[in-house]
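Asks: In order, the protein sequence lines correspond to chains C and L.
FYI, the working numbering numbers position 236 of the first sequence as 263, with every residue one higher than the one before it.
FYI, the working numbering numbers position 121 of the second sequence as 131, with every residue one higher than the one before it.
It is worth saying that the hints were derived from the structure and are not from the lab.
One should not assume that every hint holds.
[To be verified] Heads up, incomplete: computed chain C residues facing chain L, CB under 8 Å, no partners named: (1) Asp58; (2) Ile79; (3) Gly192; (4) Thr275.
[Said to hold, decoys possible] So these bits of chain C aren't anywhere near chain L, every CB distance computed over 10 Å: (5) Leu96; (6) Val128; (7) Ala190; (8) Arg253; (9) Gln285.
If you're wondering where the values come from, they're calculated on a predicted model, not measured in any experiment.
Idealized CB from N, CA, C, for every residue including glycine.
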Amino acid sequence: MAATELAPAPPSGSVIARAPRERTGSWPLIDRIAYFLCWTVGIGLCLIALAIVLFMAVKGISYLRPSLLVNSPAPSVVQSQSGGFLDPIEGTLLVAAIGTVIAAPLGVAIAAWLAEYRRPSWLARAVESAIEVMAGAPSVVLALFGLLIFAQDFLGFLSQRAATGAVYGRSFFAAGAVMSILALPLIVSATREGFAQLPDRLREASYALGRTRATTIRRVLLPAIRPDIATGTALGMGRIVGDTAIITILLGAGLTMQPVGHTPVIGLLRGTGPTLTSYVYENSPAGEGLAPQKAYAAAFVLLLIVLALNAFVTWLTNGGARSEGGGLSRALRLIPFMPNLSR
Amino acid sequence: MDRALTRRWATGKTDQRAERTLGALAVAVLVLIGAMLVTVVIKAWPSFSHNGLSWFGPGGDVDTQIRAMAESKALPGRSLYYFRAWPLIWGTLLTTVGAVLIALVVSMLAAIFLTEFAPPAIRRVLDPVIRLLAGVPSVIYGLIGILVLARYIDNHWISNARRASVNYVVQLNGNDVMTATLILTLMILPIMVAITASALASVPGAWREGSLALGVNRWRTIWRVSLRTARPAIVAATVLATARALGEAVMLAMVSGGRGFAPNLLDGVTALFEPVRPLAATILQNKEGLTIPVLAHTVYAIAAVLLVSAAMLSFAGWFAKQRFHRYGLRA
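Build out the structure end to end from the sequences listed, making use of the hints.
Replies: Written out as structure tokens, the structure is:
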């Protein structure tokens, strides 16, 4: 661990440093303008977010029918006959599940190595920068990379083969596996931050009882940072649920589930299908543009999922009562790893 | 207690095995990223080798070239690989630079507000709001952009005279540089606010108190002390946000107009209402053509350009953040 991290944190936080309320009346004009602009931007951002949520809620609720949630999509030009979005919801849950199942254990393992072992240190730094590159890689590029990998002949059992024997490379498994690359940086950084914040006396007490480092990590440290792991995982799921580029490239634009073969679960994993994001994309004017009303309704369901994950993260980070410098939430610090971009 | 000491004491056989396993997983990720860089570049190589450096230059209509590849009919007098990406690169530059410049100013103000001026009640609202803006999927931003903002701009901002003035080259319909830039700004704001705000929050209180004690007012203190300290973090935020903006595909594919057109800045304001198609959006819109080898090589070439520039920007951002650590601060 770097020396800077061991040093006691500077007494940060504007709460401490805040001078007694100073009236801005005595400030030069330009300072007052800047002060005013700060308020405008802050309030403006709140209003924009409110407008987005309200707009989607109004549009969504006015087009959302319970029947939409339980019917499969049907190909039709008429919006009243084009079915609901049961399949896309299933697809979203499936992809999120696959991505999380792969990314969570891997992310925690890597974070544990980076935080507790990091030997040799040059390797640790290389892995850190790889994670950084991973967080910054555009998801269309990740999708193309995934297509290259999963179209290899020896991975044919994970998707389907054309009559010519060529491997298709597109399947729920492929999409979920590539999605795990999206979630990984979030889980790693949230978990690492958790490790870094644990006081050394926890580790020392455990060593004093004769436990090895590995046991200490598993029995003492990991249980202590469970909220951090959950935070990272929830944020990672949010990123998976919202991604469109990987879905449209690795699952295609089909509207219904197309399992391969007849084995129940395996067939589904090898097959393709829609998710909420690809459903919204295909039904918007940018895709086929057949059903903007359906797109609004599906987008509202998607937004609800994202809001729920967001609320869960807020609850987790506040419940831990570990708010730090300047009163910023810990989840805010993870945003650099969770760009909504390139989804 | 000395870490090295505990390390020596608490090492056993199983412990070594655990360390190796965890280390192997971490190395696997490193290998995966390396493999990604290598395979994408290899797959892209034919396109680069046929076009040389003029791949990046201007030359003809890029949409015609892509169509020629999709139909496997070479343009007269050209190789099938003939591709000049300038309109796409120019579109990427316009939207990215525009969005980053606007977001730089707005995010600094927002970060200062969040850490310094906002009363606790407002801060408790603004913090989740920024995380919400970071969490909204880009397809929803795209949907709002194409169905609301693009229509509004089409109806209210583009005059008929302006439409007529460029009608012989391009139709203006609200899906344009302006819409794309505005929504992209909103999408990269959270990352910039988050990095800048956590840097501002970690500036030691004593440094600012020193300034305040000298009679400097709060705004000047923030400007001269806090922002000055946080400058490397602001550079990092800008660089990382640029990387993200480069890679944005879905929203841009929805609202940017989807035409490989290079707006001429000499047209003045009209250029802002002309359609473009950034690099990442081009990949998305040619996803059906990946079975055609030549087109696939070209698409992977675009991906390689994006990947390499995003990776370099990520490194640059990481270095900038290291400079912030020099002050002994964490952000």
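Asks: Hint by hint, note whether the structure agrees.
Replies: Going through the hints against the structure:
no. : hint   : in the structure
1   : Asp58  : holds (4 Å)
2   : Ile79  : holds (7 Å)
3   : Gly192 : violated (14 Å)
4   : Thr275 : holds (6 Å)
5   : Leu96  : holds (18 Å)
6   : Val128 : holds (15 Å)
7   : Ala190 : holds (14 Å)
8   : Arg253 : holds (18 Å)
9   : Gln285 : holds (17 Å)
In the structure shown, a violation is registered for the earlier hint numbered 3 alone.
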